[in-house]
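Let's have the full structure, built from the sequences with the hints guiding it.
In the numbering used here, the protein residues as written are 40 to 701.
Keep in mind that the hints were calculated from the coordinates and are not lab data.
This one's a predicted model, so the numbers in the text were calculated from it and none came from an experiment.
Beta carbons: idealized from backbone N, C-alpha and C, even for Gly.
Not one of these hints is a red herring.
Pair by pair, the computed Cβ-Cβ distance ranges are:
hint	residue 1	residue 2	range
1	288	612	44 to 54 Å
2	443	612	13 to 23 Å
3	235	172	46 to 56 Å
4	502	652	20 to 30 Å
5	649	502	32 to 42 Å
6	602	579	22 to 32 Å
7	279	137	26 to 36 Å
8	698	638	16 to 26 Å
9	594	337	45 to 55 Å
10	400	624	52 to 62 Å
11	257	172	12 to 22 Å
12	176	41	12 to 22 Å
13	649	574	34 to 44 Å
14	235	257	48 to 58 Å
Below, simulated DMTMM-like cross-link-like pairs (lysine to aspartate or glutamate); rule was C-alpha separation at most 20 Å, straight line:
hint	residue 1	residue 2
15	553	599
16	370	398
17	547	599
18	447	679
19	149	125
20	104	155
21	132	189
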Amino acid sequence: MKDQVVAISIDKIQTALFEVIKSGTQEKQTNSGTLRSIMAASRKISGDFYRDVGIEGDAGEFAGKVKEILLQCSGVCIFTTTCAEDEISKRLKRLFAKFYRESGGKLILKYVLFTEDVSTGNGKLKAIQNSKELLKSKACMNQVVKENQEILFQFLEYHEEDISAQNEEGGAFVQTINDLRASEQKSNENKQDKGSFRIVVIKADLDGMGSAFQKIQDFEVYQKVSSILNQYISMEYLEEKVRGFQINNSEFKVYPLYVAGDDIFFAVGMENLIEGINLCKWIVKELNSAIEDTVGTASFNKLTLSIGLDFAFNREPIRYYFARVEDQLKKAKKAKALNKAERKRLVARICINDVVYYDVKREEKPKKKKDESDVPKWEHVIHGLKVVKRAEKEGIEVTAFLYELLRKLKVREEDPTGIIHSNLVLYHLLPQYLDDPCKGKRKAELLLLENILSFISFGKKNKTKELNFDQTSCTKLVKYISLLLLLCDTRFNIREAEKSQVKYDKEKMKKVFKRPLRYLYKNSLYELWVKSGVERSLAEAMRDIFVNKAFYTNPNPNKDSSVEVYQTLQITNSMFMRFKRFDMDIDAAAVMITALNPKTEEDYLKEEEERKCTQPPGNLYFREKDFKSTAAKSGLWKKEYVDALMIFYRFNRAKIHYLSTK
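Rendered as C-alpha cells:
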C-alpha cells in the first residue's frame, strides 16, 4: 500500500542569512544587533521550522497528522501523513505563506507531494532519494511559484521581530560581539582604542556530505546518520563543547552565528583563533566517532572539514566580512586533493588569507617514511608559532626579523635573472647566532630558519625537496609570515600541552644550510644565468672556478655511505665587499684572490692523492687565467653574481661550523 509522502525544504538558507545582514537598518548595523539578527534567523531555520511544520510540538500545520518521519535535518523534512491530497496542498500553501510573510520574502519553502510504498526499508530510502531529486528540480520550483503566485507577486510590509533578548544569559556564549574582548585587553583599553579589537570569523563546512549519503543503501543507516548529524552539528552541541573548552581556558569566548546541517559558523577573539579551529575539529572528531560506533566505517566514510577564516575588527560591519569568510571557505573546499596516503589522514582544509593549509593527522607508528604532498600544512603553522614563541623567549627579536623578511620578500626590482630577490631573502636567512654562548638561542634560531625555509621547499616523489623563489611560492611565504606575525602576539593562546612539543632535530637542522647551498649552486650560480642568455658552458666554467661539488666516504658505517661537500677558494667577506667597491674590476679581483690562495694545481693534486677516502677534500686552487677569460667572455662578473657567491660561501662556512660544534 502506498502512502502520501511530503517533502519540504527551505530554499537559499545562506542567502537568507546574508539578507538579514544586508537589510538591517543603519541603527541595527552595529555588530551586536546584526549578529543577534543572524541568531534569530538561524533559529528560525534550524529549530522553528520543525515546529511550524508540525513534526515537533503540537501547533504546526501537520501536528497530529504525521504518520512517520523519514528524514529530519537542517532545513529539510520528509514524512508520510494521514491527510488527503487536497488537505495536504492547503496546509502546504498556508505553511509557505507563513514563512514568506514572517521572513519578509527572504525564505521560500519548496515542497513536493507524491505516493510511495514505504512499508520496507528500501521503500523508505527510495522515498528519501526521490524527495531530494524532486526538490532540486526546476519543475518543483515552477509548481511552487504557480500555486503561490498571489502572495509572491504582492508587496509585503515586513515587520522585523524583536530579537534583543534572543541570546540567553547564563549560557556558554557571549551576549554581543564586544564581549569577545579579552579581559587583558579590557584592562589595557585606552581612549585611543575606543574599544576596538580584532576578531576572527570562522565558517566550517562538512566535506562530501551529498555523495556520502548517496552511497547509503540502507534506510536504518540513513536515518541513524541523519540523527547523529542533527545532534552533533547543532547550536546546543556547540554550546556544550564551548563549555568544555572553557574549563581549561576561561578566556575562550564564542559568539555563534549559525550551526546546523553541515555548517558551523561563529566568531571568536583574535587570541582564540587556534582554539576556535580546534573546536570545529573536536566536534567533527566526535561526530565521526559516533557514526563509526553506530553504523561502522563500511557504511559511511569518515567526514572531513573545510574551514574559512577572516580577520576583522569588532566595529567593522559584519556584512563586509560575512562575504569574505564565505570566499575563504570556498577556496578551502576547492583546494587540490592530497596523495592517497595523506588523504586517509586528512582532518581539515583551513583557508586563511587565501592560503589553504592541510590539517593531516600524523601516523602513530609509521612503518616507513612516506612521501608528503607539496602543500602548506596546518601542523607547520602550529609548529611555526611554537618556534616563534621559543625564539622570543631566548631573546631573539623575532618580530623585527620577520618584518624585515617581509619587506625583502615584497621587493620587486627590475631583475631579469631572478637573483636579486633570492639573494635578498637568503642573505636575511643566514644564521647569526652560531657562535652565541647560549645554546638555547642557537637552537631557537635554527628552528625558526628551518620552519621558514621548509615553507618554500618543494620536491617531486622520492626526490629531495628544493627551495623555490617563484612568484607563487613567495606570495604564499609572505602570507605565512604575515600570519605568524599576527599570531605571535603575546596574548595569543597556546595550551601548555602544545608548548612542550617543539623538538630540536640535529639532522633536520642541516636543511638550514643544505637547501640554500643547493639552490645557490644550481640556480644563482648557474641555471638562472643560463636562462638570462649566458652560454651554458661559460656559466658552468665560471661556477667551477669558485665552487666544486665533491663527495667522500662517510667514516660512520651507520650513516649514508657518501657525504656531499663543496670545495671553495679562500675568500673572506671583506674581499667580496672590495670586489664591488673596485667596480667589479676583473684584474683587481684576480690579484686579491691570488694573494689569499697561493695553492697551485700541483699542490692540489698532491693533496688529493694523499687524502684518504673517508676524509673531506681540501680547498680549491685558483685558476687565475681561466677566471679572467671566463669572466670577460660571459659577462658574469657583476654585483649580483658576487652577492650570490658571498652568500654561498657564508652558508658553506656556517654549515662547516655547525657540523664541527653541534
